[in-house]
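Peer 1: Build out the structure end to end from the sequences listed, making use of the hints.
First to last, the protein sequences are chains U and F. Per our numbering, the first sequence starts with residue 55, numbered consecutively. Per our numbering, the second sequence starts with residue 55, numbered consecutively.
Since the hints were made in silico from the structure, they are not lab data. Each hint can be trusted.
Copies of one chain are not kept apart here, so a pair can be met inside one copy or by any two copies together.
Below are the PhoX-like pairs computed for lysine-lysine, each with C-alpha atoms no more than 20 Å apart in a straight line: (1) Lys243 x Lys216; (2) Lys265 x Lys279; (3) Lys68 x Lys408; (4) Lys408 x Lys468.
Number of protein chains: 2
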Amino acid sequence: MDKKDISEIVENLKYLIEAKDEPIILNIIFGLHPADIAEILYHLDEDHRNYLFSLLDATVASDVIAEMDDVSRFQILDDLDEDRITEIVDEMDSDDATDLVSELSHEIAKKVLDNIDKEDSDEVIELMTHDEDTAGGIMAKEFVSVNQNFTVQQVIEEIRSKSEEVEDIFYIWVVDDYNVLVGIVSLQKLILASAETSVSEIMDRDVISVKTEVDQEEVANIVKKYDLVSIPVVDENNRLMGRITFDDVADVMEEEASEDIHRMAGIVDEEEFRERSIFRISKVRLPWLMVAFFGELLSAFTLSRFEASLSQIITAAFFIPIIMAMGGNAGIQSSTIMVRAMAISEISSYEIRKRLLMELMVSTFNGIICGALLFFVITVFLDQSRFGLLLGVVLVIVIISATLIGAFVPGILKRLKIDPAISTGPFITTWNDVVGLLIYLGSITVFLPYLN
Amino acid sequence: MDKKDISEIVENLKYLIEAKDEPIILNIIFGLHPADIAEILYHLDEDHRNYLFSLLDATVASDVIAEMDDVSRFQILDDLDEDRITEIVDEMDSDDATDLVSELSHEIAKKVLDNIDKEDSDEVIELMTHDEDTAGGIMAKEFVSVNQNFTVQQVIEEIRSKSEEVEDIFYIWVVDDYNVLVGIVSLQKLILASAETSVSEIMDRDVISVKTEVDQEEVANIVKKYDLVSIPVVDENNRLMGRITFDDVADVMEEEASEDIHRMAGIVDEEEFRERSIFRISKVRLPWLMVAFFGELLSAFTLSRFEASLSQIITAAFFIPIIMAMGGNAGIQSSTIMVRAMAISEISSYEIRKRLLMELMVSTFNGIICGALLFFVITVFLDQSRFGLLLGVVLVIVIISATLIGAFVPGILKRLKIDPAISTGPFITTWNDVVGLLIYLGSITVFLPYLN
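Peer 2: Here you go:
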């Protein structure tokens, strides 16, 4: 369903919800994909949204909730009573149920868990023991596993018995008597095998799996690298614990990319577009603003040390912005390339060294172009060719130094096990500002006698 | 296979390749996943890499090539002769073959296409007609489709006959006599149905498909939204043309996120970490450096207009960096949130308006904190409370104005059908620098008489 259709439906619904025309509303909603309903809810204000959501039956409501972003889900939940929440959780897959329950207050969570199926609540309680950013934290308990002694016919019967509960079965995992993962068989292979064949004859023994405590970003990288549709999660003894599917991985990829992008912009933690708390937004943005603040106080201090030079040649102050900005931009370009490359692929130290050499050459080339241009502008428009020459050379040096700092720092942070993404933000820019201004005013002071 | 294993293998291989110990090398490589071999190749220098690659048989070599990034693939291809390329292309899936052939020189491409299977070369030629960033450009011709009159047994026979050619079959697409897509059936459903059932009885008629000319980013958004494992591609008459699978979509997601991240950093086009041409890197970085350059010349010009004020109160120059940096950082934070949210989800104009209000409040809050701090610092350390007050107030205004510009511009660019991602880079920062300096020096000039 495309944007246009969605906004048309939203317009109709606003009108119908005002009129509380339940039958027609249900008629419109019926048959829509839960992802589309979630999107429609985003476009409605709080009252309309709550009314529409209240019309959904528990199965649809649970699918819709699972599709929503964290902030919107939280807002919807906030307006629901316990019974409704229980009914919704009862319909959810174990991973989604776990996410939802862990967002509830302790008291409500307990009541919900007491009132859903014992088996389901056991699963949720087990899943809640894992850190939410690990394989264990994103896996679901819905999967099909069979004993290695099963025949193909028995496997098919197992699929039949699980088909209600488990959607999207693509692979069957094969375990031994101790639930240790020993193989994998695709439905494609299964469908072509004869009924009496033992599953151990057709299974693939080379199974790629992850341990419960592996970080979700690592899980996403493995799934992406090996093009997997789903990956089994095992405990330290290789016993089968859960399943992570490609759609969970797509969510992780998106989340991790957002996290990197936000960090690069000097936002320390997740910030959702639909966030409503000014305090929370301020909390994730202020820390780096503070770093920049104190860094630039250092710039101010640096400049104050060169007050004598600045008073003599006030024109020098006019070019503070260009020196800062060119260094900052060149540094961000190089660090961004490094940070992104590190985030999406394995990079050897041999490659990093080669890349640093490239950065040196690129920045020299770009620096010379910018420096020459600045020399030209100052010579022609200000008629100060010596000052222009000095400024041009300084710009080249500032661009090269900023680029190298930008290219070096991510690798160093990675070694120190700090997320390199933070290095492209205020951290490097501020550092470059201080270094750039030092180079600039230092040179001016040294060459002041020769400038006129 | 984890990092440690890879680097151990690489170390062993370097030694063995020097010794040209082919049997042991083959023994190590045998059974490795093509993705691991690709990674090993990244860690080797050119000669070692070419030698190792020459040992791979065509099937493995084609899988390895398909796993590599564009730059590395190009480097490998550059050193291969036509016969070897032909042999490799012959083993590839149609989408990978198309990517590879389109990277070859016209002359070699023609020879390769003449020498592979007629059917395969027809597919590649057809796929090459589509723009590479569209559904048609990333789809493959390997899929299983059946006529709606088929029984389940016939469908299974069709799967059997295609199993060699098509890996990863999860869904069967159902077409009418004119090859028009009419339904979809999962292997899970098929495996549970009886052999004589007609496929049209068990198929799902609600098929989500995309047209060949749809942009790949849009395809990725659809696949992600509806959690699809694969999506059928159809022509304008809804006739089935190809298949896009989740792993292609994961590649697109990664590519699009990289593109956004790079654009945000002022890099105009794709830049690969493994890029070897200084000229190409410079070409994608210089344009925004030039925008910043001329923007900051405007800053220099602005400052020069306030020369009189600056000469009178040289201290004002010291705080140019902090005014610029705080505005720049606050602006980047807000624009990044907007740009990323627009990239990954549908956002209504109602939500954008609400968000702008949030940004106003957050920036006022953060601005007041920073402004108060600046007032405090200047009052205590410079003992100039009036100047401190002025600067504090200016900082609040600059942070608010930069934040609002940062939050507004992405939405405007999106309306103008320009990628909002460019707005978080040099564009907004430079604009904010000019506006910020105008506010700063304008205020100083106006309030100069009251400062002492």
